[in-house]
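Peer 1: With the hints as a guide, bring both chains together as one complex.
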Amino acid sequence: MIQTIIEIILDVLVILLLLGGAFIVFTASVGVLRFPDIYTRLHAASKGSTLGVAGILIGAFIFHYMEYGIVSGRLILGVLFIMLTAPVASHLISRAAHLRGAKPYGTLKDQYQEAIDAEKRKQDKNAK
Amino acid sequence: MSALQDDFASIVQMVSIICLIVLSVSIILLIIRVLKGPTNADRAVALDAIGVNIMAFAALLAIILVTPNFNDIVLLIGILLFIGTVAIAIYLEKGDLIDTDDN
Numbered sequence: 191m192i193q194t195i196i197e198i199i200l201d202v203l204v205i206l207l208l209l210g211g212a213f214i215v216f217t218a219s220v221g222v223l224r225f226p227d228i229y230t231r232l233h234a235a236s237k238g239s240t241l242g243v244a245g246i247l248i249g250a251f252i253f254h255y256m257e258y259g260i261v262s263g264r265l266i267l268g269v270l271f272i273m274l275t276a277p278v279a280s281h282l283i284s285r286a287a288h289l290r291g292a293k294p295y296g297t298l299k300d301q302y303q304e305a306i307d308a309e310k311r312k313q314d315k316n317a318k
Numbered sequence: 038m039s040a041l042q043d044d045f046a047s048i049v050q051m052v053s054i055i056c057l058i059v060l061s062v063s064i065i066l067l068i069i070r071v072l073k074g075p076t077n078a079d080r081a082v083a084l085d086a087i088g089v090n091i092m093a094f095a096a097l098l099a100i101i102l103v104t105p106n107f108n109d110i111v112l113l114i115g116i117l118l119f120i121g122t123v124a125i126a127i128y129l130e131k132g133d134l135i136d137t138d139d140n
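Protein sequences appear in the order of chains Z and C.
Going left to right, the first sequence walks through residues 191 to 318 as the working numbering numbers them.
Going left to right, the second sequence walks through residues 38 to 140 as the working numbering numbers them.
Bound-form chain C, shown alone (with noise of 0.2 Å):
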């Protein structure tokens, strides 16, 4: 029963290794996407994506690793990577991002 539980333990590595991979591919595919992108609208979507995709990076490599400090940083990235889309957004919309006017 125990070397059952030693299987299972090493079939997670192995499927973390996995998901690794497919997320490498993904994260390809989508730097094609902001290489391409028509408009810097679809940048800022595709980017957007890739902070998403970094965040499960983190959480993955925590598994693999076998340590829980990398717990903190999945959740600065998800605030980092909100912010700066909060910013793409606002420069796409009003051309400058800190209003210098004084009226």
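Isolated chain Z, as found in the complex (with noise of 0.2 Å):
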């Protein structure tokens, strides 16, 4: 009795998980789709498909423990992994865009740019 009453309440979170992670991994590719430059597109992509397949994976988690009984640590390394190079990732390729010379929407102010002409510019005074 007591275990049904268990796996009932483990199919509900995994239903929950799947329908959350499905929904916010498809509003990261409507954000790709939408947003107006490299930089918004990035923010969608890279945070929102981190959090959805997050979701996903742990719901498959559970689905394993309850189906098989297995401990799955695959997919759990799978969320580690995907949370330590989705930054990595994401800030190579906004840097490679900026040296490309990709222009931030709607502000006229680029302090990264600052930054680098301003380190540009000790370098040449030390150099003198």
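Note that these hints are calculated values from the structure, not bench results.
Every value quoted in this text rests on a predicted model; they were computed, and no experiment measured them.
Just so you know, even glycine gets a beta-carbon here, dropped at the ideal spot from N, CA and C.
Mixed in with the good hints, there may be bad ones.
As the list claims (entries may be wrong) - Which residues of chain Z face chain C? A few of them, derived with a C-beta cut under 10 Å, are:
(1) Phe216
(2) Leu223
(3) Leu247
(4) Ser280
(5) Gly296
(6) Leu298
Peer 2: Written out as structure tokens, the structure reads:
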């Protein structure tokens, strides 16, 4: 009796995690399609799809635990790996895009470019 | 009580099929961005997001086909995706992947 109640509660948890994860991944891809420049698209893609895929993978983990009684460490490792690597990858892409001359949308101030210029002036002064 | 449990098990299967349909639509939207993308960096972002969607696809297929054998594939796709994205970013930044200068 108590066993079936626990299994039903875990089923409801799996359903909520899967639906929430799919919704967040879908909104992230709508953001990638609709946002105006590369930095806002990165904002949508890296944060949104990381959270969404974490939800779906944890849902699959609970499903496997419920169905077979196995603790699938690979799914947890997948969640950890995505959470470690998605910020690194998006930082690399945004730095490459800035180097190729992508301008931020809707603002004239570019603080990263100002920091690069200040560093370059300091190096020139030291060289003299 | 057992009948209710069977109902919930079939609802999990239906929900995972619905999630597969939602993820397919989201991959189509990202492919539109890959084809349109004004710069190569936009294409790199969209390809990264497509890879994350494919990871979720593999996890959902493991639920639908009721097998634990897809779990390796989720981790493998994640690792290959990170290596590919870093390679694209370094190519965009420097213009070549392997530094062949001898100095």
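Peer 1: Determine for every hint whether it applies to the structure shown.
Peer 2: Structure-based check of all given hints:
For Phe216/Z, the shortest C-beta to C-beta distance to chain C is roughly 5 Å, which falls under 10 Å, so the interface hint holds. Hint status for Leu223/Z relative to chain C: holds, with the closest Cβ pair at about 5 Å, below 10 Å. A least Cβ separation of about 5 Å between Leu247/Z and chain C falls short of the 10 Å threshold, and the interface hint therefore holds. Interface hint at Ser280/Z: satisfied, since its Cβ lies 8 Å from the closest Cβ of chain C, which is below the 10 Å cut-off.
Against a cut-off of 10 Å between C-beta atoms, the interface hint on Gly296/Z is violated, since the closest Cβ of chain C lies about 16 Å away. At about 20 Å, the closest approach between the beta carbon of Leu298/Z and any beta carbon in chain C exceeds 10 Å, and the interface hint on this residue is violated.
Figure legend: structure checked against the earlier numbered hints; hints not met, in rising order: 5 and 6.
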